[in-house]
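Spelled out, the chains give:
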Amino acid sequence: MQILLNCLSLTSFYLCFALGLALVFGVMRIINFAHGEFFMIGAYATYLCISTLSPQVGGPVAWAIGAIVAAAVTGLLGLVLHRTMVVPLGDKPLAIFISTLALSYVIQTIVVQIFGPVGLSIAPPMRGVVNFGGAILPASRLVVIGVAVVLAAGLWVFLMRSEAGRRIRAVAQNPRGALLQGIRTEKVGRLTLILGSSIAGICGAAMGPISQISPYMGAGTLWKAFIIIIVGGIGNIWGAVAAAAIFGVLDTLMSQFGAGRFLALTSAAVMLFVLSVKPSGLFGEKE
Amino acid sequence: MNMLTRLLIAGALAGALGTSAAAEDTIKVGVVQPQAGECAQWGVPITRGVQIWAEEFNANGGIADATGKKHKIEVTGYDNNCYTAGDELNAFRRAILDDKVSFILQTFTPASRQAVAEITTENKVLTTSYGAGYLGPKYPFLIGSVTGSPASYMFLVSHLLESRPEIKRVAIVTADHSFGQAALAYYKAGLAPYLDRAEIVYSQPYDPASTSDMLGLATPVMASNPDLIVELGFTPGQQALFVEAMEQLGYKGLYGSEGWTMGLVTERVPAAEVAGRIFSAYVVDASEPNFSPRVSAFYKTYVEKFGEKEWSALASVAYAAMTTIEAGIQKSSDPTGAGVRDALFASDTVDQPLFGPSRWGGSEIFGANNWLMTPLPVYVTDDKGGVKVTAVVDVAAWWNAHKDAALPALSEGGQVSAK
Amino acid sequence: MLEAKDLVLEYGGVRALNGMSFTASTEQVTAVVGSNGAGKTTLMNAICGLVKLASGEIRLDGAKLNGLAPDDIVRKGISLVPEGRELFPKLSVLENLLLGATVRPDPTRRRKTLERIFELFPVLANRQKQQAGRMSGGEQQMLAFGRALMAQPKMLLLDEPSIGLAPMVEEQLISAISDYSRESGIGVLIVEQNAMLALEYAQHAYVVEQGRVALSGPAAEIRDDPAVIASYLG
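Going down the list, the protein sequences come from chains A, B and C.
Note that the first sequence covers residues 918 to 1204 in this note's numbering.
Note that the second sequence covers residues 214 to 632 in this note's numbering.
Note that the third sequence covers residues 6 to 239 in this note's numbering.
DEER-style ranges, computed between Cβ atoms:
#1 A/Pro1010 to B/Ser509: 57 to 63 Å
#2 A/Glu1080 to C/Ala59: 36 to 42 Å
#3 C/Arg187 to A/Val997: 47 to 53 Å
#4 A/Lys1195 to C/Pro172: 38 to 44 Å
#5 A/Leu993 to B/Gly463: 39 to 45 Å
Cut-off 25 Å, straight-line C-alpha distance, at most; resulting in silico cross-link-like pairs (PhoX-like, lysine-lysine):
#6 C/Lys95 to A/Lys1104
#7 C/Lys159 to C/Lys117
#8 B/Lys313 to B/Lys282
#9 C/Lys159 to C/Lys81
#10 C/Lys134 to C/Lys95
#11 C/Lys81 to A/Lys1104
#12 C/Lys57 to C/Lys10
#13 A/Lys1195 to C/Lys95
#14 C/Lys57 to A/Lys1009
#15 C/Lys69 to A/Lys1104
#16 B/Lys283 to B/Lys313
#17 B/Lys522 to B/Lys601
#18 C/Lys57 to A/Lys1104
If you only want the chain A side, here are some residues facing chain C, beta carbon under 8 Å, derived:
#19 Ala1087
#20 Arg1093
#21 Gly1094
#22 Leu1097
#23 Gln1098
#24 Gly1099
Just so you know, the hints here were simulated from the structure itself, not pulled from any lab data.
Note that the Cβ used here is the ideal one computed from N, Cα and C, for glycine as well.
The whole structure should be built from the sequences, with the hints applied where relevant.
Pasting the structure below:
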């Protein structure tokens, strides 16, 4: 039972982190290397909000404000990224990749300058533990699960039910066709990048209290997210959900049964195996 | 301007000025530690510790050698890219070949010490650590100047078993990298004499990357039902998360590690709940006021300079390691790497400025009698989130009594290099 | 009235459009015919703003189109059914149609247009939920027409609509479109390699060659002139 809850908890984290990346990559075919730094910025924004506000308004409210601030700040960063890199570099995906890589280092360095290289710790805004038949789930992890579910479901509803979401899917499938319908593809790209970045920020807000935050936390997590979207199928957001679950379960079981030190190796092996059997990923279509 | 920038500027200036700036009165000390990146949380406080040690002397015109001549001490930090052995060597090359340092403080991480063994010996640069890790008869300039990592792990866990016979089940939680593996071996060695009454119930190393999911890591530890958990490899923040996860899972036993940042732990777990349950055995933890007035003064200086939030006991560990070098400089009329080494090894005890008379530890582990066995204070937490000294282990006595039991465990863990 | 004047466009040193001029009424079907490489598809792309003109001018009812972004040109009333259709294959038929109405947000008019398209192509009404990519070629072409009409254009551009379709199907489709345009009062500009088919439904026609108009006149006359057929359309 505890193992099951651990699987759920880890899956939520992977999902939360990979979701925004998969969205941006799926729609715009852009690898945002700074996604991890947006996640990190979200965590630091939450840190600031909790450390300054929680004496006045209490932990949970301070956290909620932190999450909103995180979403706003990272959304703004997404907008800046779109303005300054994606639009000018247009159809040069490699150049965009390199510039987001550069951006990730710039953000890291700035955060190191402001907060120092030493990791910080966010006082947990939600204390307490929920019991499920002998197993426990700390409240702060319940928040992560809740955030991941809300983000994934919200994104699903937005993409499948709203007009803006429909336009995003249209651009993802056929940018030229979308242009011919009078869809402002640049605006759709901007919205997608803002959305994906905000998701990273909110995810940072959710994860901050249960992990140590440091300027390098995003970079350390990014490789896993890449593996998840590759295994899930490039461009398929729901494939990323499935892959997050696969690794959530696999990694939990490996830690549980004493193989925790082989995690990086097995993740890479799973990715190579999936690529050799189905080069487009588990749920991807052929390009 | 923060520490990193200052270090960079210092490094750049030293490089630009070259050897011309190396006035012969100046004693140059290099600190090879992570200066950037995640591991800087260890490396930066260690570097600061050495700098404050130097500043204490420099404020009085420098450190006096045996002839009474005063030398200013110049400290430079060199980055080793989070204890990567190859980068350790690169840092040493810069420190020794470009900047001509005479003394270096480095990590105890065996792989990193091994990487620089040749260059330090060839250039007669006395290279110490806040522990031993890797020494050898061919490398007289590689020494361990205090009882620290990884030997302190052995003495910590053995002290806990000796003083608390109710401990029956021990879990060892270590990371799967060079110093985690060293820690695992030393913990096992410390437990070896007591295996007739206690057992090791968990000893699976973890992938450092999996620390992002602390509950997943803690669950199997809890399942092994230990009453003592000894840890090594977590960052201070991760330690706090680990304790939080274990407490949430209902753990009631003891915790041991090299050290803990109690401020982070008590942010997550009420201090009263873990009072008397969390043990550490840093070489010395200056934040504890009673062990030594000199380290307490050091603590005050550090906190004044960098703030309480930036405090790490590792700063005092580095400071303590330098005081052995200090004793050597003061006894030597030729304060070079070779001269200080000769002064330190002139007899089999060193009058250590902080710990008092301490013996060289013998050559059973490394085949070289290059590590100084300073007495080891063991700290325990109180209900205010502070620490107090609970015992000072006479490590030389324990080692003489139990080395036959401990050595096979060290050997099995690949830590014995004596032939 | 769609007017094009002295259009010049170069692709890597080759003049794809070389001073092309024509007018097309927004009330009838105009055909542009010519052999492969005569500049027909380039012309369509230029009208839609997908490629930039070196010089020349395109106006719709007097308002200048060239220089506008593609989505603004759609807003002005130009709707293209591109060669290869460019559908959204994984979206449903209904979603494809609704995306066609991106520039016409008024819900009442949108619903009316949708109903008319379903009347015109009942098969689309029956398969609203189906993925566009899973339909037959003819059905996909209907969807492409329907989607273009959802933008309520003044001028519908058809780029090689017959490619990949069985002769029976293509005839049906073009006939349906020309009926629709007559009833709704929208113009159609069709470029086709299958000249006979296009000329059959068009009122006016232009024969293009090497990026410029070689000949123009009522479609029926051109269709019946064996000399024209032989020299330009053979």
